[in-house]
Amino acid sequence: MKAYVIERAGGPEALQLRDIPSVPPGPDEVRIRVRAFGLNRAELYRRAGKMGPIEGQVVPGIEAVGEVLQDPSGVFRPGQRVATAMGGLQFTRNGSYAEEVTVLRGNVVDLQATTLSWEELAALPESYLTVWGALGRLIDHDPGQTLLVRGATSGVGQAGVAYAKARGLKVVATTRSAQNASRLKAIGADAVVVDTGEIAGKLRDAAPQGIDVALEVVGAATVRDSLKALKPFGTAVVIGLLGGAPVLENLQLMSDLPQATRLAFFGSGMLGTPALPLDDAPLSWIAERVAHVAMPSLRVQTFDFDDVRRAHSLMESDGALGKLVVRV
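Residue numbers (the working numbering): 1 to 328.
Any given hint could be a false lead.
Unchecked claim - Dumping the calculated BS3-like pairs for lysine-lysine here, alpha-carbon to alpha-carbon at most 30 Å:
| # | residue 1 | residue 2 |
| --- | --- | --- |
| 1 | 165 | 202 |
| 2 | 185 | 202 |
| 3 | 2 | 50 |
| 4 | 165 | 231 |
| 5 | 185 | 165 |
| 6 | 231 | 170 |
| 7 | 202 | 170 |
| 8 | 231 | 202 |
| 9 | 231 | 185 |
| 10 | 170 | 185 |
Worth flagging that the hints you see were computed from the coordinates, not collected in a lab.
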């Protein structure tokens, strides 16, 4: 099968299209014919050598959609439409930049019921599963809350806006550029705040009673300020590190953490683990809502499989305000 491999850290030119052997599935694995996959900054960092050493051939990619080729257990049948994300992809096993991928069964989600195209489906798994993992227990059954998405123009930030709006929340989104406000409102933001680094005071205009939940995509650089905007018993969940190193210097619990508020971190590596099985993940529900235009499409550009280097260059330049996908 054809796959992109990385043999040394570098720029987009480090992505080499090669013929490599297919990997037969073990008893707890599923082999999938990849039809499309989304691009993520984790793959950019892996390529650049910022997420561990490059040893041997590394196949990047942490998500894909396609059809089941083989499942030794019979849980998934050949030809079934599915999505997959995480589960060691691009780290402990070959990733999804390939014609086929063999993944852990626990990281496979059934999408047989959806009519959405492969390209649109490819924009969903990693972003929406991460948002669901971080927020599902906090917002899925409690509409009417107010959510702050700090760093909302990122791919996962936009998914957070769209998902929360579909769940019935009021959504306040932040961006560093006022030019992005129209995009954020189009995907569901009720209010947009231009982020200067200290916006807790401004947020009181959009949410006078305070914020119930903050989805923190920027990370350590802004999390103290996001905490200040929470109402008592509110929660801030950090899922991103756009603002730099994940270090809070001299955190003062009594002054930096407002009373009765909670600070949590969610990493998408939990997806598909016993602590967070994907049996109840709402990916099919999201796909159908996108198909019927009840939720916005986050896909902004689709590339052919032989054009992955150019896609990486665009992602690295921050030139795309939405999800980039590759058709295989």
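Hints numbered earlier in the text: which of these fail when held up against the supplied structure? Violated hints: none; all satisfied.
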